[in-house]
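Enquirer: Sequential numbering of the sequence shown, starting at 13, is according to our numbering.
Hints were generated in silico from the structure; no laboratory data involved.
Mixed in with the good hints, there may be bad ones.
As the list claims (entries may be wrong) - Below, in silico cross-link-like pairs of lysine-lysine (DSS-like), each with a Cα-Cα straight-line distance of 25 Å or less:
id	residue 1	residue 2
1	LYS104	LYS170
2	LYS392	LYS575
3	LYS154	LYS102
4	LYS426	LYS519
5	LYS131	LYS104
6	LYS170	LYS102
7	LYS392	LYS369
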Amino acid sequence: MDAIRFSLSADQQQLQAEIVVDALRRQDAPSREQLLALIQASDYRRFKLDSEALQQLLSSAKSLASSDLDSPVGVTTTVTLATRIDAELKLKLSEDRMRVEAQICSAYGGAPVDAPCFKRALVKAGIRHGIDTQAASQLMKKAYRAEPGSLHSAVIAKGRAAVKGRNGHWNSLIETSHTTDRPSQHQEGLIDLLDYGEIPSVQQGDLLMELVPPGAGEPGADVCGQVLEAEPGREAEFVESEGVELSADGKQLIAARAGLPVEIPGGMRVDNIYVVSQVDVESGHIEFDGSVVVRGDVAEMMKVVASGDITIGGSIQSAYLQAGGDLQVRKGVVGHQRSDDDHHFDSEDLTCELYAKGDIHVGFAQYARLQSEGDILVDKQLIHCLSQARQSLKVGRSGDRNAKLIGGVSRVGKQLVSGDIGTDAFIPTQVELYPAAVAEIDQQMAQLVDAVEQQEQQLAEVKEQLSSLSSQPKTPENQKAYKQALRQSIEVGNQAVEWDQKRQELKEKRKGLFAGVELIARKTLYPGVTLSADDNQLKNQQQHEGGGYSLVDGDICYQPELKETN
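Turn these sequences into a full structure, and let the hints steer you where they fit.
Expert: Put into structure tokens, the structure is as follows:
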């Protein structure tokens, strides 16, 4: 099409279109589509097109094409049709100066953003630290290849946050009862699941722990290069405990007596320890202010009560154990039924009972009551037991798919985990997801309800008094009594609002507690398992491979992605 001639302005920044009249009269006036196609086929296709100028050019061409033949020929109209625009780079600095986002508007036929241009922009903005040159290069390439006028952004600089120093702590130099609860490995490389090694003990003067000082941390820097000071770690806390003493320089912990070492937050204690080979008719019942170690078994109908930890090296047969600390049974716990009444938690049908204010850890258990203020860990199987853990109940160590929970009632405050839960024989297995703190909240809410009822009664009496006073003569005495009653009604009303807010807070807290309880099967969750949580109850009707149940918006829901947490 020779009726339209393109040329650049003197500064090479604008595309000008000229209409050649004599050529135009030999052909039809160009359409919009033809002009756009002509521009796309030219070297000016990436210029920013002026739509109004394009329309002006089309109108002029149409007018000239239909004008009188005697009108002048040659170039008659010149229109600035498009403009060359360089790419534009913008840098956005976050408020905390830890992040820089770059945005490039692709060029309209002009110069792209190149590395020198990018560097000048960074210098001008004061960005000198944490620059990601690869991200910047990729952004420039992307913008260069993109359509003119398109926007592209990327994070091209990040600051380095300061790293807080490691807190000081006490480092144990010995084995304790919490570090030897795993099977021993013999020289041949074989593991004996029944051999847990020697029960740890210390003598007076033994070195127990050493103090590890806090770390200074690592300083950081924002993208402008300003140093961010690191927060040093906290000094290690030392908790004075029985049976231990500090060295003269305060950097070591030493046993002040012989006994059982127990690691605690802020140090270690050495418990008085009573050691007996076994508990039977010959030894009699044991009640001891301290910790008890039974190297062998606890026989039927025997009782062991200790204010500290209880460690049993063998097994338990239909006995009663109560520990003020942790309770550990290296082998099994076996009871039996007096009748057939283990289907509810308050049943007294089982002959073996274990209670601990700390954790309970047993090899396996059947027909026993296990009640812990901490966690319950069962190595292999938990069968027809009544179990209550204020925290979590786990059958099998982490990842163990062969551990089994069958029958009985299990009540947990956080998480119940086992390999299999229930059996393919559909044996009734009950699980109660019930955080321990819920009972305390329910009690507080009941007290609030009683208090609100009293307030409402008091408010009704005050309103009746106000009504009576308003109808009486306005004597100074009556006016004084009226103001006093009005003040009282306002105070009672404000108190009622405050208690209602407190009740709502308790309801939200209660809801949050239930949101964290879970039932999880590492391998199989069988039909016949009944779950209850709050006022909800659900009976599992189908076999699930893995996953578990939790509360979602107040409803018990199966979630296949649930996994155990340590």
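Enquirer: Look at each hint and say if it fits the structure.
Expert: Hint by hint, here is what the structure shows:
1. LYS104 to LYS170: The given pair, whose Cα atoms are some 12 Å apart, holds under the 25 Å limit.
2. LYS392 to LYS575: 19 Å, holds
3. LYS154 to LYS102: Holds, at about 15 Å.
4. LYS426 to LYS519: 18 Å, holds
5. LYS131 to LYS104: 15 Å, holds
6. LYS170 to LYS102: Holds, at roughly 16 Å.
7. LYS392 to LYS369: OK: LYS392 and LYS369 at ~23 Å, within 25 Å.
In summary, this structure violates none of the numbered hints.
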